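Participant: Let's have the full structure, built from the sequences with the hints guiding it.
Just so you know, the sequences run in chain order A and B. Take 16 as the starting number for the first sequence in this note's numbering and just add one per residue. Take 469 as the starting number for the second sequence in this note's numbering and just add one per residue.
It cannot be assumed that every hint is accurate.
Said to hold, decoys possible - Which residues of chain B face chain A? A few of them, derived with a C-beta cut under 10 Å, are: (1) R550; (2) F552; (3) D563; (4) E577.
Calculated directly from the structure, the hints in this document are not laboratory data. This structure is a prediction, so every number in the text was calculated from the model and none was measured. Idealized CB from N, CA, C, for every residue including glycine.
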Amino acid sequence: MRFLDSFLGKIGGWVLAGLNQSGGMLIFFLKSLFWLLRPPFRFRLLFRQMEFVGVKSINVVILTGLFTGAVFALQSYYGFAMFGAESLVGSTVALALTRELAPVLTSLMVTGRAGSAMAAEIGTMRVTEQIDALTAMAVNPIQYLVAPRMLAGIIMLPLLTVLTNYIGILGSYVVGVKMLDISEGIFVQNIYTYLAMTDITMGLIKAAVFGLILSVVGCYQGYVTAGGAEGVGRATTRAVVLACILILATDYFLTAVMF
Amino acid sequence: MEHAAITVKNLFKSFNGQNILNDLSLLIPRRQTTVIIGRSGDGKSVFLKHLIGLLKPDRGQILIGKDDITVLGEAALNRVRRKFGMLFQDAALFDSMTVARNVAFPLREHSRLKPKEIMEQVLFRLDQVGLNGAENKMPSELSGGMRKRAGLARALALDPEIMLVDEPTTGLDPIMTQAINQLLKETQARLNLTSVIISHDLRGAFYLAHSIVMISKGRVVAQGSPEEIKNSGDPFVRQFLEAGLEGPPEAS
Ligand SMILES: Nc1ncnc2c1ncn2[C@@H]1O[C@H](COP(=O)(O)OP(=O)(O)O)[C@@H](O)[C@H]1O
Ligand SMILES: [Mg+2]
Chain A
16 MRFLDSFLGK IGGWVLAGLN QSGGMLIFFL KSLFWLLRPP FRFRLLFRQM
66 EFVGVKSINV VILTGLFTGA VFALQSYYGF AMFGAESLVG STVALALTRE
116 LAPVLTSLMV TGRAGSAMAA EIGTMRVTEQ IDALTAMAVN PIQYLVAPRM
166 LAGIIMLPLL TVLTNYIGIL GSYVVGVKML DISEGIFVQN IYTYLAMTDI
216 TMGLIKAAVF GLILSVVGCY QGYVTAGGAE GVGRATTRAV VLACILILAT
266 DYFLTAVMF
Chain B
469 MEHAAITVKN LFKSFNGQNI LNDLSLLIPR RQTTVIIGRS GDGKSVFLKH
519 LIGLLKPDRG QILIGKDDIT VLGEAALNRV RRKFGMLFQD AALFDSMTVA
569 RNVAFPLREH SRLKPKEIME QVLFRLDQVG LNGAENKMPS ELSGGMRKRA
619 GLARALALDP EIMLVDEPTT GLDPIMTQAI NQLLKETQAR LNLTSVIISH
669 DLRGAFYLAH SIVMISKGRV VAQGSPEEIK NSGDPFVRQF LEAGLEGPPE
719 AS
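Facilitator: Quick look at the structure:
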């Protein structure tokens, strides 16, 4: 009984803490949105963040796309070969990539690279009073720090996902056509037949939502950092874990709604 | 008489159920230096952050001139904030920007100066605090004393009426301490500023202050001219002075 009580108490505590966090994050998001839509518009900061979130993620995204497409082609080939449907490998990979794998994997990779950096950077600014300094100089820190990062996430993740799509399909082409000798014409033809424009756009909409999630979670965890350098470390870890979980959970609901 | 620059009435603030400011009331006179002394953890920084609206009190009023900033919205509060320059305890320089960019920051945000004029201003301010030649350094390349100077240059960039300074000399060697104190005194006199300085360093406090305020446990326990404080019979003040001026050097 006593064990059960303390167990339930713990779970209750987690649930409350979770609700508290999500509430805080939601308010934070709404504030960021509010400040994003008000002048002054800081294009220079936006471009810098777009470069950081997008351009600097290109290498990571290329590798992710290449190996995902390649391994997925390999796996589906073994399955399809059992009933002589090897020609469907290309279209299967293309569908899975555009609808699911590319937006999710790209976002998870960028979370690890840029979401964590946002938490660390803003967290450091919090504990060294740089955020207070902004406020004291009559500059709203949410507008200055968070709004550009949030917008950069929303803009760049779909673009990166387009890249992942291309590279992933290229990877599956190399494995399927060059290594496993699937006929090139059929491989490509099936992709055109089965892949619809909505598959791609839905995937890109997902990516935009994930970009929003990873930047808001990263910025929020940084923003509420307390407790010096150690606190910054905790904030960074929490930003990555939380953003990844939220991305995966949101993916389920978006998929359920969209397809 | 001219009304006070800052009037604080019955300020209360608690964190997690712990009272940090406890019915604190205080008048800060215009165009003078007021030095706030007290023990570590007694709420001095918390108090200073209230003056510029970084923290909101649980109860009480803070009048800057005649505006009660505890009830102002963000936009109005920001108008009041532009009267202030603040030097934080560890300078709080933006570590992603060069020293020059740090000093230029308030000018770029709030003045209509052209980039060239801003650069001139920046060099002039850096010269004033004895940092010529450091404009292209990053904050991480500066010593503690240089960071304080750069922070001071940034705080003064927009010609504030009121300067807030949190422990300008804590952690500095005695020579740098003296240099910073001189700089603060000169600056106050030259610009005729209202200046509020928190200090652990009693010698510095007596050197700088037109009036000294002693805070303990979140309220004012003594206020007066340096002479009055020096001759105070209050046992708490005496104990603090004896420890600070005659006892072993304080590790702060
Ligand atoms: N944002 C905060 N949240 C919780 N507690 C705080 C916060 N800021 C300050 N405190 C607490 O208030 C007390 C006074 O702090 P402070 O004003 O920094 O002291 P000092 O007089 O040394 O400047 C300390 O116990 C500190 O832990
Ligand atoms: Mg302090």
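Participant: Hint by hint, where does the structure go against what was stated? Just the numbers, ascending.
Facilitator: none
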